[in-house]
Amino acid sequence: MGPLDDQVVREDSLTATADGLNVAVYTHWYRALPLTSLTKVDLTVDGQPVDPATLSVTVNGHRYEFAELAVKADEYWFTTDPVVLHVPVATAPGRQHRIQLQLGLSIPYILTGPDRTPLLTPSSTDKTLTAA
Amino acid sequence: MTDTAPGLPQLGTTLFSLTLEQRAPGNDLAALLRKVATRELGPGVEMVAFQSLRGWPRLDDAAVRKVRGLIADSGLTPSCLAINLDLALQPGRLLSDDEAYEYVAVQLRGAASLGFPAVRVGVECGPEIMTRLLPLAEQLGVKIGVEIHAPLTIDAPPVAALKELFTRLDTEWLGFIPDFSASMRAVPAAVDDAHRKAGIAPELTALTRQLWAQPGPTMAKFPQLEQRAAELGAGQAEIGNLKMIFTMHGRMEPERWADFFPHVIHVHGKFYGVFDGPDGPSDPSIDYPAIVRVLREQGYTGFISSEYEAHAYTGLYSAFDQVRAQHDMLKRLLEAEPAVAR
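Going down the list, the protein sequences come from chains F and D. Going left to right, the first sequence walks through residues 1 to 132 as UniProt numbering numbers them. Going left to right, the second sequence walks through residues 1 to 342 as UniProt numbering numbers them.
Just so you know, the hints here were simulated from the structure itself, not pulled from any lab data. Treat the hints with care, as some may be off.
As the list claims (entries may be wrong) - The calculated lysine-lysine pairs, modelled on DSSO-like cross-linking and capped at a C-alpha distance of 30 Å, are:
1. F:K127 / D:K221
2. D:K221 / D:K243
3. D:K197 / F:K127
4. F:K72 / D:K66
5. D:K221 / D:K197
6. D:K163 / D:K221
7. F:K40 / D:K197
Unchecked claim - Which chain F residues face chain D? A few, computed with CB under 7 Å, are given here:
8. P3
9. H28
10. W29
11. R31
12. A32
13. P34
14. A73
15. P82
16. V83
17. P118
For every residue, glycine included, the Cβ atom is placed at its ideal position computed from N, Cα and C.
Please model the entire structure based on the sequences and the hints provided.
Structure follows, in structure tokens:
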């Protein structure tokens with residue numbers, strides 16, 4: 001909820017590559033978070049849900065499988081940098097895609113409830129955009 | 001700079017106010033510091049290390065030199081560096097006390113190398129860790145302040161435990177950073193806009209506002225809200241957003257700020273908008289005269305960092321203009337309040 005949610009996926013976020021579709025995602029939280037905070041990426045492209053196990057991501061110039069992020073506690077996603085999701089779907093420059101993304105960030109310093117679990121802060125995106 | 005008369009609190013800005021501006025092309029750290037200085041929103045400058053400093057918490061020497069140079073060039077005075085104890089850094093467990101100490105200690109050393117005289121931590125940095133950090137704080141000459149942000153109050157058990165610790169240790173190096181958000185008189189109007197855009201039914205927002213305004217401790221209102229909002233058909237995500245009204249906007253009486261003294265090392269001037277009214281500019285959600293009176297009575301001469309946070313709800317207003325309006329109002333109130341004989 002809030003103005004930063006509108007910027008999670010931007011007008012120029014989509015790029016067609018030989019391997020599929022790259023989606024540049026920006027954080028809706030105000031500060032850099034450890035990569036372990038990127039806990040929920042529910043992505044649907046053109047109505048087809050994308051299994052996170054098939055996603056790889058590039059952040060800070062390194063490419064990781066999505067599952068690897070859970071052990072990357074010593075690396076941070078900086079406030080103004082994108083995380084690029086590499087999505088295995090067919091595309092080409094100029095093609096339009098409907099991107100629905102439920103992003104959930106685990107906030108490691110805000111602990112909630114008697115079990116002291118980290119706050120999960122969501123953002124919701126539904127945009128139809130053209131791949132460059 | 002918004003200079004205040006000698007013997008009064010000093011004003012400043014935290015770059016957190018500029019969260020939306022930071023996302024605009026060209027607004028890197030150098031540009032934001034320059035703009036704060038050009039618009040005379042100092043003399044103090046604060047920042048959230050994890051927000052503003054790429055590479056934090058491990059800045060190399062070149063990065064430290066660069067940041068120090070940018071602050072020096074701006075002419076602003078480093079007031080406080082907000083750091084974080086990311087207790088849930090590792091999935092499925094919390095950091096041990098040893099890990100938590102190291103996580104904060106690295107950042108305390110970083111703050112010292114950048115020339116900040118104080119750091120801000122959250123209440124999750126409890127008495128045990130604070131006690132262990134004290135020798136390092138003394139050695140580095142950096143004060144550690146625990147921010148008291150809504151929904152915390154001076155009476156909340158973790159805050160009371162810290163007060164007991166600070167009283168017992170009787171040290172200038174550990175203390176509180178009270179935040180205006182702990183003492184609000186109304187929920188900001190921008191909340192309604194944000195809820196509407198998020199598709200939250202107006203009656204749910206109204207219910208939450210009504211519960212907020214009722215007397216009684218905020219903590220007791222969370223379960224009431226959950227139950228009554230669910231009866232009105234709210235889902236978990238909506239209830240989470242509604243709870244933020246309680247989490248972000250506290251109701252402690254401003255007069256209770258006196259109880260944080262003499263352990264106040266810094267103040268956060270959180271606010272959600274200063275607007276022109278029939279009697280001049282005012283903030284509908286925060287009782288500035290009441291808080292300013294306490295700061296004057298206690299002889300507080302540290303910084304008040306203006307912390308505009310309506311950007312969490314709306315992008316309609318310029319944070320620069322809002323901080324300007326808050327500075328003008330604070331300066332007028334601080335200098336109008338009669339001096340207190342001490």
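Now the hints, each set against the structure:
no.: 1; hint: F:K127 / D:K221; in the structure: 37 Å, violated
no.: 2; hint: D:K221 / D:K243; in the structure: 9 Å, holds
no.: 3; hint: D:K197 / F:K127; in the structure: 16 Å, holds
no.: 4; hint: F:K72 / D:K66; in the structure: 27 Å, holds
no.: 5; hint: D:K221 / D:K197; in the structure: 25 Å, holds
no.: 6; hint: D:K163 / D:K221; in the structure: 25 Å, holds
no.: 7; hint: F:K40 / D:K197; in the structure: 23 Å, holds
no.: 8; hint: P3; in the structure: 4 Å, holds
no.: 9; hint: H28; in the structure: 10 Å, violated
no.: 10; hint: W29; in the structure: 9 Å, violated
no.: 11; hint: R31; in the structure: 4 Å, holds
no.: 12; hint: A32; in the structure: 5 Å, holds
no.: 13; hint: P34; in the structure: 6 Å, holds
no.: 14; hint: A73; in the structure: 5 Å, holds
no.: 15; hint: P82; in the structure: 12 Å, violated
no.: 16; hint: V83; in the structure: 15 Å, violated
no.: 17; hint: P118; in the structure: 4 Å, holds
When the structure is compared with the earlier hints, violations turn up for hints 1, 9, 10, 15, 16 and for no others.
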